[in-house]
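Engineer: Each chain is listed here by its residues.
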Amino acid sequence: MILGRGSSIESFPLFGYNLADYDRLFEEKTNLFAELMKGSPVTWQGTTRAPLRDQDVVPHLESGPFPVWVGVGGSPESVIRAARYGFSLMLAIIGGPPARFAPFSQFYREALREFGQPPRPVGVHAPGHVAETDEQAQAEFWPHWRETLTRVSKERGFRPPTEESFAYDVSPEGALYVGSPETVADKIVSNLELLGASRFDLKFGMPGLTHDQLMTTIELYGTEVIPRVRNLVGHNPIARQPVTESTG
Amino acid sequence: MTTATPAPTEDGAPLPFPLVLGLDTFGDLIYDQDGRPLTHAETIRSMVEQGVLADRVGIDFFGIGEHHTNDFPMPAGDVVLAAIAARTTRIHLGSAVIVSVPTIPSASSSATRP
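Residue numbers (numbering that gives the first Met the number 0), protein chains in the order written: chain A, 0 to 247; chain B, 0 to 113.
Quick caveat, the hints were computed from the structure, so don't treat them as lab data. These numbers come from a predicted model, not from an experiment. Idealized CB from N, CA, C, for every residue including glycine. Be aware that a few hints might be false.
Said to hold, decoys possible - Partial list, computed: chain A residues near chain B (C-beta under 10 Å):
(1) I1
(2) S7
(3) E9
(4) G122
(5) G156
(6) P206
(7) G221
(8) T222
To be verified - Estimated spans, in silico, between C-beta atoms of each pair:
(9) B:E48 - A:A166: 14 to 22 Å
(10) B:G34 - A:E113: 47 to 55 Å
(11) A:D211 - B:R86: 17 to 25 Å
(12) A:Q135 - B:L37: 16 to 24 Å
(13) A:T46 - B:L37: 41 to 49 Å
(14) B:A40 - A:A49: 20 to 28 Å
(15) B:R35 - A:E9: 33 to 41 Å
(16) A:D22 - B:A84: 45 to 53 Å
(17) B:N69 - A:P142: 30 to 38 Å
Claimed, not checked - If you want the footprint, here are the derived chain B segments under chain A, 3+ residues with CB under 8 Å:
(18) 39-49
(19) 54-62
(20) 65-79
Hey, can you work out the whole structure from these sequences and the hints?
Structural biologist: Laid out in structure tokens, this is it:
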């Protein structure tokens, strides 16, 4: 499970929350979630919901706490929060050079030590699209990336994408994993190493892409990108452990 | 259980964690070949097929990120994950992310979402 505050804020009016309470809500809900992970019964008190006293919460966890990650988009407070609760760190990198997140990994490891927590894995979540060739992947992805990001940029106040910025984003130094299986795999390997991360989640899709294009991305990611990544980092291609085994 | 060789870090020291390679989706609205948007329901049904394919081609993790907009009609990804879970055997399913501010654990929803 990956928790997050959400960089999209449409859930606040939808659920009747005030955006001014963003930090307090996230801190309290994370705190309560950490209590729930310890197992029932739960006793908890805060300011954002009614208190709980010896509350049985069902179903009881079958095999103990499951792995919890916190999605972080660039807030050092969120890194500290993840370390304090002993949750794993998922870096959401959707723009700019991924290299600028390297200090976050380092900071997170130091914070875990500071809080007396055991080492936890770091992951990377980033957008992308896979097709047979770089040209095809970029041609399919760019119009929809431009349209969605242009709209989001107005809502959130950042610069809309241009052909030049897109060319940078899909280059080896940029944040987007758009290209052939080989291009995408090589970029994953280099950024996992750069960020000291052991997990990569490709955020695939963009409003406007077709079902067939998404299915092709999934197929190429599973059959070509992943074997190449495992091979490049010295893995047996079929060696795999479930996420729960040592990341909990 | 097969033991994976840890991935190397930049200084060559082994990582203590297995390599995990997954996919995340936000329920991005799907269009047809002619550039017309599918319905929200069609988009969600397609996502179940996507999760099933991800399992079949050996992907470690399939995550769904909560959104509540016309372009990302995915308010309750755990329900979609349950549909995928019914048709898969191996892949790990999870949230990416579940927006914990309103959702967890409020009076209106379960504290045990995936």
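Engineer: All hints are to be evaluated individually against the structure, with a verdict given for each.
Structural biologist: Tested hints:
For I1 (chain A), the interface hint holds, the least distance from its beta-carbon to any beta-carbon of chain B being 5 Å, beneath 10 Å. Because the beta carbon of S7 (chain A) sits about 6 Å from the nearest beta carbon in chain B, less than 10 Å, this interface hint is met. Taken as an interface hint, E9 (chain A) checks out: its beta carbon lies about 5 Å from the nearest beta carbon of chain B, inside 10 Å. Taken as an interface hint, G122 (chain A) checks out: its beta carbon lies about 7 Å from the nearest beta carbon of chain B, inside 10 Å.
At a threshold of 10 Å, the smallest CB-CB gap from G156 (chain A) to chain B is about 18 Å, leaving the interface hint violated. For P206 (chain A), the shortest C-beta to C-beta distance to chain B is roughly 4 Å, which falls under 10 Å, so the interface hint holds. The closest approach between the C-beta of G221 (chain A) and any C-beta of chain B is roughly 3 Å, which is under the 10 Å cut-off, so the hint is satisfied. The criterion of a C-beta within 10 Å of any C-beta in chain B is met by T222 (chain A), whose closest approach is roughly 5 Å, and the hint holds.
The beta-carbon spacing between E48 (chain B) and A166 (chain A), approximately 33 Å, falls outside the hinted interval of 14 to 22 Å. Between G34 (chain B) and E113 (chain A) the beta carbons are some 52 Å apart, a value that agrees with the proposed interval 47 to 55 Å. Evaluation of the 17 to 25 Å hint for D211 (chain A) and R86 (chain B) yields a pass: the beta carbon distance comes to about 20 Å. The supplied range of 16 to 24 Å is met by Q135 (chain A) and L37 (chain B), whose beta-carbon atoms lie about 22 Å from each other.
Checked against the hint of 41 to 49 Å, the C-beta distance between T46 (chain A) and L37 (chain B) comes to roughly 42 Å, which is consistent with it. At about 35 Å, the beta-carbon gap between A40 (chain B) and A49 (chain A) misses the expected band of 20 to 28 Å. Here the CB-CB span from R35 (chain B) to E9 (chain A) is close to 24 Å, at odds with the stated 33 to 41 Å. Remark: the range hint 45 to 53 Å for D22 (chain A) to A84 (chain B) is contradicted by a beta-carbon distance near 34 Å.
Between N69 (chain B) and P142 (chain A) the C-beta distance comes to about 18 Å, which lies outside the given range of 30 to 38 Å. Counting residues of the region 39-49 of chain B whose beta carbon lies closer than 8 Å to any beta carbon of chain A gives 3, which reaches the threshold of three, so the coverage claim holds. With 7 residues carrying a beta carbon less than 8 Å from a beta carbon of chain A, the region 54-62 of chain B meets the three-residue requirement, and the given coverage holds. With 6 residues carrying a beta carbon less than 8 Å from a beta carbon of chain A, the region 65-79 of chain B meets the three-residue requirement, and the given coverage holds.
Comparing the model with each numbered hint stated earlier shows that hints 5, 9, 14, 15, 16 and 17 do not hold.
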